[in-house]
Every structure is written in structure tokens, then in C-alpha cells.
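K.L.:
Residues per chain, in single letters:
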Amino acid sequence: MNESDRELEEIRRKKLEELERKSGGKKAIDKPIQVTDRTFDQVIKTHPAVAIDFWSEWCPPCRFIAPIIEVLAKDYSGKVIFGKLNVDENLAIARRHGITSIPTLLFFKDGKLAGRIIGAVPREHIERELTKIIG
Amino acid sequence: MEYWDLIIIGAGPAGLTAGIYGARSGLKTLILEEKIPGGAAAESPLIENYPCFPGISGRELVDKMLEHCKKSGAEIHELENVAGLDVRGEKKIVKTNKKLYGASAVIIASGCSHGELGVPGEKKFRGRGVSYCAICDGAFFKGKKVIVVGGGNSAATSALYLSNLASNVKLIHRRNQLRAEEALVKNLREKKVEFLWNTDLKEIKGEGTVKSAVLYDNKKGEIKEVKVDGIFIQVSEVPNSQFAKKAGISTDKLGYVVVDERQRTSINGVYAAGDVTTCPIKQIGTAVGQAIIAATEAFGYIKRPYYYKG
Chain A
1 MNESDRELEE IRRKKLEELE RKSGGKKAID KPIQVTDRTF DQVIKTHPAV AIDFWSEWCP
61 PCRFIAPIIE VLAKDYSGKV IFGKLNVDEN LAIARRHGIT SIPTLLFFKD GKLAGRIIGA
121 VPREHIEREL TKIIG
Chain B
1 MEYWDLIIIG AGPAGLTAGI YGARSGLKTL ILEEKIPGGA AAESPLIENY PCFPGISGRE
61 LVDKMLEHCK KSGAEIHELE NVAGLDVRGE KKIVKTNKKL YGASAVIIAS GCSHGELGVP
121 GEKKFRGRGV SYCAICDGAF FKGKKVIVVG GGNSAATSAL YLSNLASNVK LIHRRNQLRA
181 EEALVKNLRE KKVEFLWNTD LKEIKGEGTV KSAVLYDNKK GEIKEVKVDG IFIQVSEVPN
241 SQFAKKAGIS TDKLGYVVVD ERQRTSINGV YAAGDVTTCP IKQIGTAVGQ AIIAATEAFG
301 YIKRPYYYKG
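As given, the protein sequences belong to chains A and B, one line each in that order.
Residue numbers for the first sequence follow my numbering, so the first one is 1 and each next one is one higher.
Residue numbers for the second sequence follow my numbering, so the first one is 1 and each next one is one higher.
Think of the hints as simulated: they come from the structure by calculation, not from any bench.
It is possible that part of the hints are untrue.
[Unchecked claim] Taking lysine-lysine pairs in the DSSO-like style, the calculated list, with each CA pair at most 27 Å apart, reads:
id, chain 1, residue 1, chain 2, residue 2
1, B, LYS219, A, LYS84
2, B, LYS95, B, LYS124
3, A, LYS84, B, LYS123
4, B, LYS98, A, LYS79
5, B, LYS144, A, LYS74
6, B, LYS192, A, LYS84
7, B, LYS71, A, LYS132
8, B, LYS64, B, LYS142
9, B, LYS191, A, LYS112
10, B, LYS142, A, LYS84
11, A, LYS112, B, LYS145
12, B, LYS211, A, LYS74
13, B, LYS124, A, LYS112
14, B, LYS220, B, LYS192
15, B, LYS144, B, LYS95
16, B, LYS192, A, LYS109
17, A, LYS132, A, LYS14
18, A, LYS109, B, LYS220
19, A, LYS31, B, LYS124
20, A, LYS74, A, LYS14
[Stated by the list, open to error] Pairwise CB distance ranges, derived in the manner of DEER restraints:
id, chain 1, residue 1, chain 2, residue 2, range
21, B, LYS64, A, ASP88, 19 to 25 Å
22, A, SER77, B, GLU60, 49 to 55 Å
23, A, ASP110, B, SER113, 35 to 41 Å
24, A, ASP37, B, LYS205, 25 to 31 Å
25, A, THR36, B, VAL185, 38 to 44 Å
26, B, SER266, A, GLN34, 48 to 54 Å
27, A, ASP88, B, PRO305, 50 to 56 Å
28, A, LYS132, B, GLU261, 31 to 37 Å
29, B, GLY248, A, ASP88, 43 to 49 Å
30, A, GLN34, B, SER113, 29 to 35 Å
31, A, ILE33, B, LEU46, 33 to 39 Å
32, A, THR36, B, GLY248, 20 to 26 Å
33, A, ARG95, B, ASN268, 54 to 60 Å
34, A, GLU127, B, VAL258, 48 to 54 Å
[Claimed, not checked] Examples of chain B residues lying across from chain A (beta carbon under 10 Å, computed):
id, residue
35, ASP86
36, GLU90
37, ILE93
38, CYS279
Idealized CB from N, CA, C, for every residue including glycine.
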């Protein structure tokens with residue numbers, strides 16, 4: 001790498017940082033994020049309030065919950081991070097939490113389990129659990 | 001108030017079929033679905049007795065019905081549940097969690113919910129070993145021991161589905177024979193599903209998750225405890241008819257909506273079809289047939305064509 005390459009690299013890095021500060025850095029997440037067995041611990045540790053939807057492609061009640069989670073992720077943007085964990089591909093975390101039925105929603109406050117909902121429930125029911133992990 | 005010719009409550013096979021017939025007969029048709037379309041049929045791992053489909057998953061079948069229904073012109077509102085019904089007058093009023101609707105006729109096709117056994121441990125271990133949907137939760141029991149409770153086609157298909165995943169499947173039934181089709185029973189035997197006849201599930205025990213089940217042999221009067229990781233409950237179901245009952249529509253003592261051979265309920269202009277009705281056969285085919293009658297009758301009631309016998 002010669003001198004001009006290094007300079008270019010430096011400019012690119014600064015530009016990227018600037019871009020992140022402008023958009024991604026400040027902007028709150030308003031969509032459910034994909035969570036896997038590998039990223040799960042990181043997600044619940046990094047954010048103070050997290051709700052994880054354990055789901056699978058083959059589960060009809062999971063399809064009922066999905067659009068509600070989408071809307072809640074938007075409405076609670078900046079307050080709660082919503083994650084989706086596909087149990088077909090990620091069984092370890094589900095096992096760790098004794099989950100044997102989906103949909104199951106787990107709620108975490110400061111990395112600690114604070115609530116659990118099993119089965120397809122209306123939005124209001126989910127919101128009651130959310131109040132426990134906010135603030 | 002938004003006005004429709006026909007409002008159908010529920011988007012399972014009965015509701016979707018009524019939607020097809022209602023819309024195709026020219027009625028402005030709305031289907032209200034509390035959850036998502038499909039009903040109980042969507043949870044069936046495999047359906048082998050619906051004509052034209054020697055083997056199809058419940059979800060695939062209801063997706064086809066849904067597509068057909070939409071194509072016919074019926075409108076479907078998901079996640080909208082009926083909060084109240086006033087069917088006393090000529091114009092029927094349907095109140096949901098979102099809106100107030102008027103309709104000339106109503107078809108109740110709200111189906112049934114999963115029946116619970118009401119045994120100790122059932123609530124405590126729900127989602128921790130106790131399940132009501134084999135296709136949803138089967139994957140958690142790969143290589144494990146499970147029990148299926150029930151004696152109908154739902155219990156048999158669930159046991160069959162689980163036999164491909166679990167290391168051991170016991171089907172327990174309180175009688176000495178199943179209600180399920182012989183073809184399914186034959187498959188169960190081939191898959192080495194264990195039958196425990198004359199057996200009641202008395203209690204579910206565990207620590208964190210299910211560890212054992214207390215079984216009672218109702219013929220010998222013996223009690224035994226068996227080690228098990230999962231319990232799938234597929235017993236008689238509960239009709240979703242509370243709103244109908246409140247509106248003064250006759251139901252039987254179990255809550256099923258009483259219908260005559262033309263799918264008429266006790267109230268003029270209100271029809272019912274599918275699992276929610278007193279029809280003792282709870283099949284997709286019968287739900288579809290009942291829905292065709294209900295929608296055709298509703299059309300006659302609203303439009304009074306020359307051939308309609310009121």
C-alpha cells in the first residue's frame with residue numbers, strides 16, 4: 001500500500017464514520033431484527049429493553065403474531081428492540097429457555113428475562129408485558 | 001356505518017367457501033377474521049381425505065382456498081375480531097375491535113378453539129412441554145418421548161407427524177378404539193405408535209419442563225407414571241360462539257350454534273357453517289358443504305329470487 005492508497009483509505013473511513021453518525025448512528029431501529037443463537041446474548045446485553053419472537057415458518061399462530069410484532073417494532077421504536085429468532089435454524093437458545101411451543105415471546109430488561117408470552121395473543125396482551133421492560 | 005350485503009365471521013374453510021359463493025353470487029361480501037385466515041385446518045400436518053388432494057398439508061390447502069376466495073372478490077379483514085352482534089332487526093349490526101358494520105345477512109363460521117383437558121400441570125407446563133399444535137412444536141421433540149392425547153383424526157395425524165421426529169410416541173385415548181379413520185390407524189401401527197387404550201391423563205409433572213405424565217387405566221383402575229418430554233393435547237374442541245350466544249342465537253349445551261338442514265340459526269338472516277355448528281362431523285369437506293348451503297341461503301334471503309323458498 002503506497003502513500004496515496006493510505007490517504008484514500010483514511011478518507012473513506014472518515015466518510016463512513018460521518019455517514020453512520022448522520023443516519024444509522026442516531027436513527028432508532030423500527031423493524032424487528034433477525035436474531036440467531038450466535039447473536040442472541042449480544043442483542044439482549046446491548047439493548048436495555050428487548051422482546052424476542054421465537055417462531056417458525058411452519059407454525060400458523062406464528063404468522064398471526066408476525067404482523068403485530070412488525071407494528072409494535074415501529075410504535076415502540078427507540079424504546080424496545082424487537083428480535084425474531086427462527087427456531088428451525090436456532091434451537092439452542094430456545095432450549096436454554098425451556099421453550100417447547102411457538103410462538104413464544106420473551107421479554108428482557110437489562111439482559112434479564114422479565115416476561116414470557118406463549119401462543120398467539122392480541123396486541124394489548126403484548127403491550128402489557130412491554131410496560132414491564134420499558135423505563 | 002360501513003354497509004355490506006353479507007358478513008362472514010371467520011376465515012377457515014367454511015368462511016372462505018362462504019366467501020367464494022357469496023361474492024360470486026354478486027353479494028358485497030366481507031369476511032372478518034380474528035387471527036389470520038386458515039382456521040384449525042391450517043394446523044393439520046397432513047390432510048388425506050379432501051377430494052382432489054390425496055395428501056396435502058393443511059396450510060397449503062387453506063392457502064389455495066384463500067387465494068380462490070380473494071379471486072372471487074370477497075374482502076377479508078385479518079386481525080379483526082367481533083366484539084358484539086345485534087341481529088334482532090332486519091339490518092344486522094356487527095361491532096368489531098375496529099369498526100361498526102351493517103349487513104343484510106350474517107354467516108357464523110368462527111370454528112373451534114383448542115380444547116383443554118383441565119388436568120393439574122396442563123396450564124403450568126403449557127409451552128414447556130405441553131402443546132396443542134404438533135406442526136408448530138414437533139421440532140422441539142426430535143429424538144424425545146411424547147404422548148398424544150385424543151382419539152379423532154387430529155390426534156391421529158398429530159401422532160403420525162410426531163412419529164417421524166420423536167423417539168417414542170404414545171397415543172392415549174379414554175376409550176378402547178379411535179374415532180380416527182382406519183387408514184390413519186393403519187399408518188399409526190406401521191409407524192410403531194404405541195396405543196394406550198382406556199387411559200385418562202390425570203396429571204402432568206415436571207421441573208422447568210414436562211418430565212412425566214400420570215396415567216389412569218379406567219378399566220383396570222390402575223394408575224401409573226410414565227416418563228415423557230412432551231404432551232400434545234388433541235381433544236374435543238370448544239366452539240367460538242360466545243358472541244353468538246350473547247346476541248340471542250341458540251346454541252346447544254356445549255356451545256355449538258344450532259342449525260337446521262339449510263344452515264339457518266334460530267334468528268332470521270343469520271346462518272352458521274363449519275366446526276362451530278351442531279353438525280357432529282367436523283371435517284373440512286363438511287365445513288365446505290355447509291358453507292355452500294349457508295351462502296346460497298343467505299343470497300336467497302337477501303335477494304329473494306323467484307326460486308327461493310323462504
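K.L.:
So, against the hints stated earlier in the document, which numbers end up violated here?
P.N.:
1, 2, 5, 6, 7, 8, 9, 11, 12, 15, 16, 17, 18, 19, 20, 22, 28, 32, 34, 35, 36, 37 and 38
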